[in-house]
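The chain contents come next:
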Amino acid sequence: MAALEALRSAARDPQPVARAAKVSGRKVLGYRCVFVPEEMMHAAGVTAFPIFGTPEAVSLADSYFQPNLCEFIRNIFDLALKGKLDYLDGLVLCNTCDAVRKLYDHWKSYIKTPFCHMINNPQKQFTEPAYEYQYRELAEFREALERLTGAAVTDDALQRSIKLHNETKSLLRKVYEFRKPDLPLLSGEEALEVVMGTMLLPKEEANAKLAQLIDELGTRGRSPLAPGPRIMITGSIIDNPTLIRMVEESGAMVVADDLCTATRYFWYPVKEDKDPLAALARHCTEKPVCACMHPAEARLEYMMDLVREYRVDGIIYFNLMYCDPFLYEGVLFKKKFEERGIPMIALETEHTPSGLGQLKTRVQAFLEML
Amino acid sequence: MITAGVDVGSLSGKAVVLDDNRLVSWGLVPTGPDSAETAKEAMDIALQKGNLSLDRIEFVVSTGYGRVVVPFAQRNVTEISCHAKGANYFFPGARTILDMGGQDCKAIRCDANGKVVNFAMNDKCAAGAGRSMEVMADLLQIPLDEIGPRSLQLDQGEVAVSSTCTVFAKSEVLAHVRQGAPTNDILAGLCAALASRVYGLLRRVGIEPEFVISGGIGKNVGVVTRVEQKVGLEANICFEPQIVGAVGAAIFARDTLVKQKKPAAAR
Chain A
1 MAALEALRSA ARDPQPVARA AKVSGRKVLG YRCVFVPEEM MHAAGVTAFP IFGTPEAVSL
61 ADSYFQPNLC EFIRNIFDLA LKGKLDYLDG LVLCNTCDAV RKLYDHWKSY IKTPFCHMIN
121 NPQKQFTEPA YEYQYRELAE FREALERLTG AAVTDDALQR SIKLHNETKS LLRKVYEFRK
181 PDLPLLSGEE ALEVVMGTML LPKEEANAKL AQLIDELGTR GRSPLAPGPR IMITGSIIDN
241 PTLIRMVEES GAMVVADDLC TATRYFWYPV KEDKDPLAAL ARHCTEKPVC ACMHPAEARL
301 EYMMDLVREY RVDGIIYFNL MYCDPFLYEG VLFKKKFEER GIPMIALETE HTPSGLGQLK
361 TRVQAFLEML
Chain B
1 MITAGVDVGS LSGKAVVLDD NRLVSWGLVP TGPDSAETAK EAMDIALQKG NLSLDRIEFV
61 VSTGYGRVVV PFAQRNVTEI SCHAKGANYF FPGARTILDM GGQDCKAIRC DANGKVVNFA
121 MNDKCAAGAG RSMEVMADLL QIPLDEIGPR SLQLDQGEVA VSSTCTVFAK SEVLAHVRQG
181 APTNDILAGL CAALASRVYG LLRRVGIEPE FVISGGIGKN VGVVTRVEQK VGLEANICFE
241 PQIVGAVGAA IFARDTLVKQ KKPAAAR
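Residue numbers (this note's numbering), protein chains in the order written: chain A, 1 to 370; chain B, 1 to 267.
Any given hint could turn out to be false.
As the list claims (entries may be wrong) - Using 27 Å as the maximum straight-line C-alpha spacing, the simulated DSSO-like pairs for lysine-lysine come out as follows: (1) A/K360 - B/K262; (2) A/K271 - A/K169; (3) B/K115 - A/K335; (4) A/K27 - A/K169; (5) B/K230 - A/K334.
Note that these hints are calculated values from the structure, not bench results.
Given the sequences, and given the hints that come with them, work out the whole structure.
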């Protein structure tokens, strides 16, 4: 399982990947989140580097952010203050939650990377005004990248990048097929690291690894999991497998995940259209993968698709403490899923998982209930 | 068929011995630093009272936060499932259970067989659970068992204790003391704050009769009365609400044993 190990180890330590990109002479732009089009950065010849947190406790950022603000964002800002993201030449964020928006302001004031760009995503999706607005925002982003590199981002290059990234998404879907059998051939913990590793690696390299992984899984034969209820994990960002491992150790098979570091990243391909900018704008305004977006119904339908496709018995909704969008959504969706016969439990977590005992009791009780 | 259930909670350890469906005996001890030792102490008391020895017990299920360290248990089940099962044992009509324990509060909905269909628990903080009552009893120098009755004998009127955090609530209570508020009125405020907190939890799972309260705070008449008023239902409370989880564990032990004893063909 060499490809599996390679992807997992990339996920565990992003630093070597970033340093390698740096050595290649390309500019490295850190970005958050799945609404920032990687394709555009790839076409501009810069490295799109997803920023994840670490399990390390926050210290320096406490002087800027109150403890009742998003711990994930505090964690990222803390890493930046400590100089641990110093390989970044710039930052690209988009308009999802307040925490991400405010990270931008603080980053610009205190971290001072040479390049900072904010993409404004209209949050009311599936409308023409949203699409038109998004189109102009992406055109502006393209110009900003052109100023950064001094070279044009051509439609041709953009089309090639979209194709490459669509290939990544399609390969990840194929990898996820191995979660569908009665006894999945890929565990939830492995799946999370495979997607995170894919997000981090240059896509040319990731695609080769994913193709190899598909071969490996095809001959795996034995499930890494013991039989148990089929669980889907959703909620705020999870960038560390600890929680998923805990769920699987409690006797569940995690067979699906609606997470920024999982399905949200690859579920929707970009249309391969003759106007690539238009295709990207459509893509951004028509993927209902975040609790920040409107309307909630679209997101619910997408999640029900996952429930059906992966034959989910129950949903565990992990709310990062103080993550407002998901805290609001969790309460609403619990009712909606239960009306559809899918039990759901919402659990509050911290970004740096500690004191898992109480959480484990709740997870175990939920599994006993199914 | 003799089985046992052991519930190692954050504040007390409970053990129950069951002979088929008959409750033989139980033991109740405060939880010490060593959970395995606490489990053993509670079990020894139960065995002694039932005139039994451990080798007579055919199957033991453990529960509670210390459930994984009980050395003589063959299986562990969470306290959520056990409280539902135990409540069903005492009150077969039970559909909504409120367990108020040492550091957790749970609102549980179950079916006619005592199987959990939904539940909600407090978050990490123990405010509103047994531990916060102990902190306040200590602060006001009142024996724990007097809090309930005295909270119902108002002097001038209930004072407001708004906080949902034990540490802050303690400062609030101190402020009331300094301003000369009568102790009973402060106790009333505390019980009311706890009742309103658990009511929110109950509403999350929905309330359906019959209503059962288990756990140590089930002995606090001040909290129970206020919860009943909010819920609009009378609470069923068994003679010893602290052993409900252990009883549930003993029933799980019995059920496991029955399943094991059934010949494979009959399964």
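Holds or violated: A/K360 to B/K262, with C-alpha atoms at most 27 Å apart: violated, 32 Å
Proposed proximity, A/K334 with B/K230 (alpha carbon, max 27 Å): The given pair, whose Cα atoms are some 24 Å apart, holds under the 27 Å limit.
Hint consistency between A/K27 and A/K169 [alpha-carbon to alpha-carbon, up to 27 Å]: With Cα atoms ~24 Å apart, A/K27 and A/K169 stay inside 27 Å; holds.
Hinted pair B/K115 and A/K335, Cα distance within 27 Å: holds, 20 Å
Restraint status (C-alpha distance of A/K271 to A/K169 at most 27 Å): Given that 27 Å is the threshold and the Cα spacing comes to 12 Å, the pair holds.
Taken one by one, the earlier hints fail for this structure only at number 1.
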